[in-house]
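Residue numbers (our numbering): -1 to 120.
Derived by calculation from the structure, the hints in this document are not laboratory data. Every residue gets a Cβ at the ideal spot worked out from N, C-alpha and C, and that includes glycine. A hint or two may mislead.
DEER-style ranges, computed between Cβ atoms [to be verified]:
{"#": "1", "residue 1": "V83", "residue 2": "L14", "range": "31 to 39 Å"}
{"#": "2", "residue 1": "T61", "residue 2": "G29", "range": "27 to 35 Å"}
{"#": "3", "residue 1": "V99", "residue 2": "L7", "range": "17 to 25 Å"}
{"#": "4", "residue 1": "E65", "residue 2": "G96", "range": "33 to 41 Å"}
{"#": "5", "residue 1": "G91", "residue 2": "M43", "range": "35 to 43 Å"}
{"#": "6", "residue 1": "L7", "residue 2": "L82", "range": "40 to 48 Å"}
{"#": "7", "residue 1": "H92", "residue 2": "P38", "range": "13 to 21 Å"}
{"#": "8", "residue 1": "P38", "residue 2": "A18", "range": "29 to 37 Å"}
{"#": "9", "residue 1": "G63", "residue 2": "L42", "range": "32 to 40 Å"}
{"#": "10", "residue 1": "R35", "residue 2": "E64", "range": "29 to 37 Å"}
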Amino acid sequence: MSGDDYNRLLNAGRTLVGVAALAAPGQAFRGIGLDARGSPQLQLMTRMFGVREVVLGAGALSTSGEERRRWLQATIAADAGDALVTLAGHRAGHLPTGGAVLLALAAGTGVALGALALSSDD
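Let the hints inform the model, and build the full structure from the sequences given.
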């Protein structure tokens, strides 16, 4: 696969996740053990997450060359941060183990695909 392929795979998915979080914030994280339906605060944070995902995904998909490298680096940093926050949240008892594993895997996959997109461009 080429760097463009990895970039499209990662960031088209990221953009779709962001749109879903914006459209249905009460449903977005139910599969990992967080139920936002009764929590307007969690729905707000889910929408904020959705905006971030759409912006990062669109930025990486709509650029090329050095500008795309910077967008990919930003997506890697965001995903690495998500993985660390997920692990800390689980350790503090805020996330069930299954949900933490799913989130950490998703974030780790983002880091890996972003790194592959960067290295395949060299």
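Hint check:
{"no.": "1", "hint": "V83 with L14: 31 to 39 Å", "verdict": "22 Å, violated"}
{"no.": "2", "hint": "T61 with G29: 27 to 35 Å", "verdict": "31 Å, holds"}
{"no.": "3", "hint": "V99 with L7: 17 to 25 Å", "verdict": "21 Å, holds"}
{"no.": "4", "hint": "E65 with G96: 33 to 41 Å", "verdict": "38 Å, holds"}
{"no.": "5", "hint": "G91 with M43: 35 to 43 Å", "verdict": "18 Å, violated"}
{"no.": "6", "hint": "L7 with L82: 40 to 48 Å", "verdict": "23 Å, violated"}
{"no.": "7", "hint": "H92 with P38: 13 to 21 Å", "verdict": "18 Å, holds"}
{"no.": "8", "hint": "P38 with A18: 29 to 37 Å", "verdict": "19 Å, violated"}
{"no.": "9", "hint": "G63 with L42: 32 to 40 Å", "verdict": "36 Å, holds"}
{"no.": "10", "hint": "R35 with E64: 29 to 37 Å", "verdict": "43 Å, violated"}
The structure fails hints 1, 5, 6, 8 and 10 (numbered hints given earlier, in ascending order).
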